[in-house]
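J.: Take the position in the sequence shown, starting the count at 1, then add 6; the result is the number in my numbering.
A couple of the hints might just be wrong.
Capping the alpha-carbon separation at 27 Å, the derived lysine-lysine pairs in DSS-like fashion look like this [claimed, not checked]: (1) Lys69 x Lys480; (2) Lys154 x Lys341; (3) Lys351 x Lys72; (4) Lys480 x Lys138; (5) Lys348 x Lys72; (6) Lys341 x Lys55; (7) Lys362 x Lys341; (8) Lys362 x Lys348; (9) Lys312 x Lys351; (10) Lys351 x Lys55.
Treat the hints as calculated values from the structure; they're not laboratory data.
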Amino acid sequence: MTRSQGRHTFSRRAKLTAGMTGLALTVGLAVAFTTTGDQGQARADGADKSLFVDITTVKANVKTPKPQQDATTGTFTVDCGLNENKHFNGDNFIAAPGVQNGAEHLHDYVGNLTTDADSTDESLQAGGTTCKNGDKSAYFWPVIRIDKGEEEAAAEEGAAASGEAPAEEQAGQNQQQGNRNQQQGGNQQGNQQQGNQRGGQNQQQGDNDNQRGGNQNDRPQGFQRDNDNDQNGNQRNGQQNNRQGQGNKDNAADENANQNAGQNADQNAGAQDGQAAEDAAQNEANLGKDAAEELPGNDGVIQEPKAADLTFRGSPVGDVVAMPKFLKILYGDAKRSINGDKNTKASWTCAGFEDKVLLDKYPICPNGANVKRIHDFPGCWDGKNTDSANHRDHVAFADANGQCQNGFQAIPQLRITLTYDIPADVQQNGQYAVDSFPAEEHDPLTDHDDFANVMSDQIMKRLVNCINTNKTCKE
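Model the full structure from these sequences, guided by the hints.
T.: This is the structure we're talking about:
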């Protein structure tokens, strides 16, 4: 497939176009990195259409080990959201520590709020989290984008010629209104909570952070995910901000409200005065610092998952042992062209067709059914190391019977299932793809996922107990 450098999109569904001169100047090198030649001739890089297949033509191929008498069938699911706070960057602190934009493509993050190239065990432990139960682990995977190339460029040019406001400008106006509503909410909070000066200052800081980070036209990242829902989403943001301004008594109470009942130890550890404001500032830093560094080739509109299921499972042959804190595990291989297929994994399927997982193709689902990515991480650990030189040798997959190799122990196996609402015409036209290193050209086999365990001892104990007693737990 011939590649061309094209428009680079940092958005949810509102496009960041080449015509936004002011933003291009703000971003600096972003335009220089991502476009060449005549802007009128620029086109986005998409996946080759030969990489797509009708899943109904594929035979069932998923085989699971038969559970033995001592199998542990419990599951433990963690709710960490869908990256609604827009934590994106091109870093990978596991595979490329200390290298900003070391991935050369964007990752979606849930869980730990501080994850970037410079993350350490200590910084992750000190960070906040999106997980409702206080799990500070880092979960991250490459984003999926819809890329319609010249079709979208023509639509944007037509809108400009007719005098209509581009989608990103309308989104910005809606966001500004949401920010104004939030400011009013913050003022109401100040009136309602006289005497709580510190809480009011934290809320005002949060307002400022949201004002800086929420206006897509004022920050280089400019992420938006769903053009069809931009206006509603921004209105909801404004309404939520009003409610926060009226009802948010202090940041520590907010932190505790997000924890599940009965988990006081974890709540107390995470509920610190001012944490919410610090997390908001960190999110803004995450959004802005890598936008100008991404290399060409990952164009299009970032899609927010419809669902992100993070579930730890048991072993078909016996009990699991606790993961050590700061254990790092990789799924798949982002550099197939260099490393070959040793570590690549079949990831792609459709809702209702989970017995068919595609290795080297993107699925076209019947009647526009949801596209799914299923990532099963290694479930065996060497019992000693939290990482290894190649980030793989300290963990392993069980064999076809579910048995770990000699010297390895079964640990809770993480399965991340990502579900996307990709329109039927986009699937049929081969217009969606996973972000990748430029040389990989959106190869479906380069799909990958990363996990770093930063669970508290209390959460890990609950997780292991749930699995080994064959329960179904959700936090």
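J.: Now, for every hint given, state plainly whether the structure supports it.
T.: Cross-check of the supplied hints:
Between lysine 69 and lysine 480 the CA atoms are separated by roughly 26 Å; this keeps the pair inside 27 Å, and the hint holds. For the given pair, lysine 154 sits about 25 Å from lysine 341 by alpha-carbon distance, which is consistent with the 27 Å threshold. Among the hinted pairs, lysine 351 with lysine 72 is consistent with the structure: their alpha-carbon atoms are about 21 Å apart, no more than 27 Å. A hinted pair counts as satisfied when its Cα atoms are at most 27 Å apart, and lysine 480 with lysine 138 qualifies at roughly 10 Å.
Our distance criterion of 27 Å between C-alpha atoms is met by lysine 348 and lysine 72, whose separation comes to about 25 Å. Simply put, lysine 341 and lysine 55 have alpha-carbon atoms about 21 Å apart, close enough for the 27 Å limit, and the pair holds. Using a Cα cut-off of 27 Å, the hinted pair lysine 362 and lysine 341 holds, with the two alpha carbons roughly 24 Å apart. Restraint check for lysine 362 and lysine 348: the C-alpha separation of about 21 Å stays at or below 27 Å, so the hint holds.
Between the alpha carbons of lysine 312 and lysine 351 the distance comes to roughly 22 Å, so the proposed pair stays at or under 27 Å and holds. Among the hinted pairs, lysine 351 with lysine 55 is consistent with the structure: their alpha-carbon atoms are about 21 Å apart, no more than 27 Å.
Checked against the numbered hints given earlier, this structure breaks none of them.
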